[in-house]
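Novice: When you get a sec, could you build the whole thing from the sequences and use the hints?
2 protein chains.
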Amino acid sequence: MQQGFLLILSGPSGAGKNTVLDAVRRRCPDVVYSISATTRPRRPMEEEGRNYFFLTREEFERRITAGEFLEWAEFCGNYYGTPIGFICESLARGEVVVMDIDIQGARQVRDKMPEAILVFLLPPTMAELEKRLRGRSSDSDAAIKRRLETALDELKAGIEYDYVVCNDKVERAAAKLEAIITAERCRVRRSEYFQVVKDIVGEQGVMRQDDESAAH
Amino acid sequence: MQQGFLLILSGPSGAGKNTVLDAVRRRCPDVVYSISATTRPRRPMEEEGRNYFFLTREEFERRITAGEFLEWAEFCGNYYGTPIGFICESLARGEVVVMDIDIQGARQVRDKMPEAILVFLLPPTMAELEKRLRGRSSDSDAAIKRRLETALDELKAGIEYDYVVCNDKVERAAAKLEAIITAERCRVRRSEYFQVVKDIVGEQGVMRQDDESAAH
Numbered sequence: 001m002q003q004g005f006l007l008i009l010s011g012p013s014g015a016g017k018n019t020v021l022d023a024v025r026r027r028c029p030d031v032v033y034s035i036s037a038t039t040r041p042r043r044p045m046e047e048e049g050r051n052y053f054f055l056t057r058e059e060f061e062r063r064i065t066a067g068e069f070l071e072w073a074e075f076c077g078n079y080y081g082t083p084i085g086f087i088c089e090s091l092a093r094g095e096v097v098v099m100d101i102d103i104q105g106a107r108q109v110r111d112k113m114p115e116a117i118l119v120f121l122l123p124p125t126m127a128e129l130e131k132r133l134r135g136r137s138s139d140s141d142a143a144i145k146r147r148l149e150t151a152l153d154e155l156k157a158g159i160e161y162d163y164v165v166c167n168d169k170v171e172r173a174a175a176k177l178e179a180i181i182t183a184e185r186c187r188v189r190r191s192e193y194f195q196v197v198k199d200i201v202g203e204q205g206v207m208r209q210d211d212e213s214a215a216h
Numbered sequence: 001m002q003q004g005f006l007l008i009l010s011g012p013s014g015a016g017k018n019t020v021l022d023a024v025r026r027r028c029p030d031v032v033y034s035i036s037a038t039t040r041p042r043r044p045m046e047e048e049g050r051n052y053f054f055l056t057r058e059e060f061e062r063r064i065t066a067g068e069f070l071e072w073a074e075f076c077g078n079y080y081g082t083p084i085g086f087i088c089e090s091l092a093r094g095e096v097v098v099m100d101i102d103i104q105g106a107r108q109v110r111d112k113m114p115e116a117i118l119v120f121l122l123p124p125t126m127a128e129l130e131k132r133l134r135g136r137s138s139d140s141d142a143a144i145k146r147r148l149e150t151a152l153d154e155l156k157a158g159i160e161y162d163y164v165v166c167n168d169k170v171e172r173a174a175a176k177l178e179a180i181i182t183a184e185r186c187r188v189r190r191s192e193y194f195q196v197v198k199d200i201v202g203e204q205g206v207m208r209q210d211d212e213s214a215a216h
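Sequence order for the protein chains is A and B.
Start counting the first sequence at 1; every next residue gets the next number (our numbering).
Start counting the second sequence at 1; every next residue gets the next number (our numbering).
By construction, these hints were calculated from the structure, which means they are not laboratory data.
Note that the structure is predicted; figures quoted are calculated from it, not measured.
Listed next, the in silico DSSO-like pairs over lysine-lysine satisfying Cα-Cα at most 30 Å (straight line):
{"#": "1", "chain 1": "B", "residue 1": "Lys156", "chain 2": "A", "residue 2": "Lys198"}
{"#": "2", "chain 1": "A", "residue 1": "Lys156", "chain 2": "B", "residue 2": "Lys198"}
{"#": "3", "chain 1": "A", "residue 1": "Lys198", "chain 2": "B", "residue 2": "Lys112"}
Counterexamples of contact, computed for chain A against chain B with all Cβ distances above 12 Å:
{"#": "4", "residue": "Tyr33"}
{"#": "5", "residue": "Asn51"}
{"#": "6", "residue": "Ala66"}
{"#": "7", "residue": "Gly77"}
{"#": "8", "residue": "Gln108"}
{"#": "9", "residue": "Val170"}
Cβ-Cβ distance ranges computed for the label pairs, FRET-style:
{"#": "10", "chain 1": "A", "residue 1": "Thr65", "chain 2": "B", "residue 2": "Pro29", "range": "52 to 62 Å"}
{"#": "11", "chain 1": "A", "residue 1": "Asp199", "chain 2": "B", "residue 2": "Gly49", "range": "37 to 47 Å"}
{"#": "12", "chain 1": "B", "residue 1": "Ala92", "chain 2": "A", "residue 2": "Gln104", "range": "30 to 40 Å"}
{"#": "13", "chain 1": "A", "residue 1": "Asp111", "chain 2": "B", "residue 2": "Lys145", "range": "50 to 60 Å"}
All residues carry an ideal CB built from backbone N, CA and C; glycine is no exception.
Specialist: Below, the structure is given as structure tokens:
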């Protein structure tokens, strides 16, 4: 069976991760999406089990202690985390799992799963990024400035990633992500072909006599 | 400027490299194709400079001595080689260069250009491979048997490659190759973004004070 993999999408706040992921979801119906757990209150348009799993602080902390998160963090007094069970079960079935996560989270995941594919989504320009951030009229100037500074720091972190996709047009960015998923599915080391040939040739790529004769 | 790269396509004889490459050519008009030089006689449908550069033995040997081949080999008394000039000029312009080459040649190229992307094209099954090889009615049974044995050896070599694409349907295989090209174009280390950020952050990913102040 072909091996699955975990694809992590990060990017500065305002790069447009959610819009691009919605387009990827339409293009790649066979890819599964990791859903985070959080203790922050549910917003009006959000659905339990679709946007987040909404947990109480007590339940979240119980799961931290039980080792049920691939990564977790606390922001502004709320917990956010990635349930590990769903990801491991999906990978074991050979599926591609996509998750949207910030840079600190991505580093935690990469340390635990070095085979994960890291994709960094870039806003077209910093001016565009500022416009997008300012677009949320609900936020104060100080909040916007803080978010821009964080975004600049995050831009630098992107060089630790495997791929970079510029979100100049949503469908173009989604098409690039789809291509990355297709290409990573063709990786020799994850292929059935690799498993079969390795059994014949052996780990070192050297023909072993016992395998030679066993093949007849 | 985004950096170009060299993509090498290999596969057992009969995997259908030429048919797939023709389809890739239609899908990716902005990719350039390396053309080999050879001393073998031109066949009726072949064109100078499109299928091959046809050279005399004397001229080919002069170019070997002058170091003008990325790789070269002698098969059945004829020389075959990849002119290095065209590839280096194309890469310097940031272009993607695709070349179709056998496994020995691919190894030579990878040793000289470790950044090259290696794609291995698989026939759907060995039975299909045999059918395709037998399909060339001009060849003797002994020639077919020899080619099948070579193909089996080549199948094992594929595990040294980066990607494996199964040629179950020509257009599907071409679409996967197109996706690999698109994905490799998104590699962080080849991106303009990477160059810009590296200038700010420094090679080690550590912010340098002089770059910090120079940026203001």
